[in-house]
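Single-letter residue listing:
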Amino acid sequence: MLRIAKLPIAVFALAIMVFPWTAHRIPAIEHYPDIMVFAGIYCLITMGLSLLMGYAGQISIGHAAFFGIGAYISAILTTNYGMNPWACMVIGMAVTAVVAVLVGAPSLKLRGHYLAMATLAFGIIIFIIFNEEIEWTGGPDGMSGIPGLTLFGFEFNSVERYYYLVWGFVIAAFIFTVNVIQSGTGRALRAIHASEPAARAMGVDVSRFKILVFVYSAVLASLAGSLYAHYLNFVNPATFDLFFSIKLLIMIALGGMHNIWGAIVGTGLITFLSNEWLYYFEEFEVIVYGAILLFVTVLLPDGLAGVPGIVKGWFRK
Amino acid sequence: MEENVLELQGVVMTFGGLMALSNLNFNVRRGMIKSIIGPNGAGKTTLFNVITGSFPPTQGTVKFKGQPIQHLKAHKIADRGISRTFQTVELFGNMTVLENVMLGCYTRIRTSFLASGFVLPRSRRKEKRIRETALKILKFIGLAHKFKDLADSLPLGEQKLLEIGRALASEPELICLDEPAAGLNETETHVASSLIRAINAKGITVLLVEHDMKVVMNISDEILVLNYGQKIAEGPPEEIRNSPRVIEAYLGGEA
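So the protein lines, in turn, are chains S and F.
Take 0 as the starting number for the first sequence in numbering that gives the first Met the number 0 and just add one per residue.
Take 0 as the starting number for the second sequence in numbering that gives the first Met the number 0 and just add one per residue.
Please note that the accuracy of each hint is not assured.
[Unchecked claim] The calculated lysine-lysine pairs, modelled on DSS-like cross-linking and capped at a C-alpha distance of 30 angstroms, are:
| # | chain 1 | residue 1 | chain 2 | residue 2 |
| --- | --- | --- | --- | --- |
| 1 | S | 5 | F | 147 |
| 2 | F | 147 | S | 311 |
| 3 | F | 145 | S | 5 |
| 4 | F | 72 | S | 108 |
| 5 | S | 311 | S | 108 |
| 6 | F | 125 | F | 230 |
| 7 | F | 75 | S | 108 |
| 8 | F | 72 | F | 127 |
| 9 | S | 5 | F | 135 |
[What the hints assert, rightly or not] Ranges of calculated distance between the beta carbons of each label pair, as one might list FRET restraints:
| # | chain 1 | residue 1 | chain 2 | residue 2 | range |
| --- | --- | --- | --- | --- | --- |
| 10 | S | 237 | F | 18 | 56 to 66 angstroms |
| 11 | F | 227 | S | 116 | 37 to 47 angstroms |
| 12 | S | 280 | F | 170 | 28 to 38 angstroms |
| 13 | F | 127 | S | 242 | 23 to 33 angstroms |
| 14 | S | 116 | F | 75 | 41 to 51 angstroms |
| 15 | S | 127 | F | 139 | 50 to 60 angstroms |
| 16 | S | 10 | F | 127 | 54 to 64 angstroms |
| 17 | S | 10 | F | 123 | 44 to 54 angstroms |
| 18 | S | 171 | F | 107 | 46 to 56 angstroms |
| 19 | F | 107 | S | 116 | 32 to 42 angstroms |
| 20 | F | 111 | S | 11 | 20 to 30 angstroms |
| 21 | S | 309 | F | 237 | 58 to 68 angstroms |
| 22 | F | 139 | S | 308 | 24 to 34 angstroms |
Hints were generated in silico from the structure; no laboratory data involved.
Note that the structure is predicted; figures quoted are calculated from it, not measured.
Every residue gets a Cβ at the ideal spot worked out from N, C-alpha and C, and that includes glycine.
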């Protein structure tokens with residue numbers, strides 16, 4: 000049976016809770032909670048991607064677009080129309096869901112490389128729209144002055160407060176995703192990955208499930224986008240380019256896409272690498288990502304999440 | 000009971016210029032084991048694919064329990080109560096033996112995406128019921144001791160049995176078995192044919208494609224012979240064994 004142990008989830012949630020408190024006391028990592036906010040935002044996207052790619056076996060190289068749609072809808076509706084940020088967040092998720100159905104319904108009929116190409120093209124189109132629709136999006140300069148988030152008078156105006164907000168969403172989404180994986184729905188998704196004809200013959204509506212999981216991952220990306228916009232108070236198209244979509248793939252490849260924990264581990268590592276540890280590499284950063292991807296695909300096909308299994312194998316011998 | 004579970008009327012299937020099935024008519028009575036035989040390329044697997052909805056026939060109707068189903072998608076046909084196995088094993092290799100059978104229960108018990116995400120008590124109870132049903136089926140097909148193993152790790156003979164078990168989990172009224180004995184040794188073949196008999200004894204109608212004539216002649220109530228997509232004979236085993244047209248199709252030349 001595919002069972003995901005509860006204890007590590009509890010330990011993880013606890014570690015997330017005490018982290019800002021600890022980081023605060025150690026000068027060298029004092030600013031880490033800020034990076035962790037970004038890591039949390041990216042985790043929301045990669046968890047959905049892990050379900051889509053690792054479990055259901057469908058590739059997407061266009062998730063930066065869904066992330067961007069969420070961010071821009073929040074940005075535009077709050078700054079230009081003064082709407083409530085929470086409402087905008089929900090509207091963003093709803094619009095993204097519709098877009099995901101429209102994009103997903105035809106493209107998910109494709110397989111492998113063709114599906115990758117279709118989602119890639121979608122990502123590029125959305126990126127061009129962000130750049131060219133200057134009246135709406137501010138073009139390449141982006142939009143500033145996006146308000147922060149408040150809830151019943153409580154302002155999420157410090158890094159720490161925002162940290163808890165984002166990671167609250169991450170843990171909720173993580174638990175939801177884990178439940179889906181362990182249910183009949185998760186079983187159906189893995190069945191689709193293994194053999195579509197057999198899944199169909201067992202009564203699984205393959206196209207419906209593919210669209211469902213595609214929409215779920217897109218909606219999570221949109222939520223992440225809204226959180227991103229309200230944290231930085233600024234968005235510009237460069238954040239949502241093709242390279243970001245690829246970076247998301249590197250995150251789940253490094254962590255291991257057949258395991259939901261892989262998304263969390265890989266995202267955390269890559270976020271810290273790009274925001275902190277690879278600072279000295281400057282534009283050569285990309286080479287490091289290439290090396291990581293090469294290393295993982297050749298030596299660790301199951302990513303870092305596969306390492307415990309490999310170590311266990313050694314001891315069994 | 001003389002009720003027909005499956006009725007095919009004027010079924011034609013063409014792929015471009017190739018006529019894989021031409022004007023096929025036949026019925027399958029409830030509770031029988033009916034075998035379809037014929038030389039390679041006679042259209043046996045195509046016929047299964049048409050019945051189970053992998054692709055719709057070019058012409059003709061397929062009726063299941065009196066209702067036309069030829070326009071339905073494969074998963075809808077599975078819901079109606081037709082299940083199948085595949086000639087080349089199509090198990091979910093990355094899943095355990097138990098999970099493979101549990102997925103088979105999907106036609107009867109399912110939970111929605113949201114219900115499974117929020118783990119409503121109802122979905123938890125459903126999951127428990129699915130597990131119990133699947134374990135019962137594993138006992139029936141004799142694989143209960145391997146429930147934790149990955150499907151990929153089983154020998155071919157057991158993989159074939161597991162495919163049948165998975166099909167049974169959907170509680171079908173008609174089960175289509177595509178060469179269940181292909182690639183099996185004598186003992187495994189014996190196990191497979193007694194399993195087919197046991198399934199039939201449960202009241203499930205069996206439609207069987209098989210090359211092993213000993214199996215076919217032993218367990219079939221009726222045999223349909225296909226050649227080049229056409230029915231050349233239909234009847235009980237003794238009749239088929241002695242039919243000159245069948246001998247001609249198999250041995251070639253003029254009989």
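So, going through the hints one by one against the coordinates:
no.: 1; hint: S:5 with F:147; in the structure: holds (20 angstroms)
no.: 2; hint: F:147 with S:311; in the structure: holds (18 angstroms)
no.: 3; hint: F:145 with S:5; in the structure: holds (26 angstroms)
no.: 4; hint: F:72 with S:108; in the structure: holds (15 angstroms)
no.: 5; hint: S:311 with S:108; in the structure: violated (39 angstroms)
no.: 6; hint: F:125 with F:230; in the structure: violated (45 angstroms)
no.: 7; hint: F:75 with S:108; in the structure: holds (18 angstroms)
no.: 8; hint: F:72 with F:127; in the structure: holds (29 angstroms)
no.: 9; hint: S:5 with F:135; in the structure: holds (28 angstroms)
no.: 10; hint: S:237 with F:18: 56 to 66 angstroms; in the structure: holds (58 angstroms)
no.: 11; hint: F:227 with S:116: 37 to 47 angstroms; in the structure: holds (40 angstroms)
no.: 12; hint: S:280 with F:170: 28 to 38 angstroms; in the structure: violated (60 angstroms)
no.: 13; hint: F:127 with S:242: 23 to 33 angstroms; in the structure: violated (46 angstroms)
no.: 14; hint: S:116 with F:75: 41 to 51 angstroms; in the structure: violated (31 angstroms)
no.: 15; hint: S:127 with F:139: 50 to 60 angstroms; in the structure: holds (58 angstroms)
no.: 16; hint: S:10 with F:127: 54 to 64 angstroms; in the structure: violated (27 angstroms)
no.: 17; hint: S:10 with F:123: 44 to 54 angstroms; in the structure: violated (24 angstroms)
no.: 18; hint: S:171 with F:107: 46 to 56 angstroms; in the structure: violated (31 angstroms)
no.: 19; hint: F:107 with S:116: 32 to 42 angstroms; in the structure: holds (38 angstroms)
no.: 20; hint: F:111 with S:11: 20 to 30 angstroms; in the structure: holds (27 angstroms)
no.: 21; hint: S:309 with F:237: 58 to 68 angstroms; in the structure: holds (60 angstroms)
no.: 22; hint: F:139 with S:308: 24 to 34 angstroms; in the structure: holds (32 angstroms)
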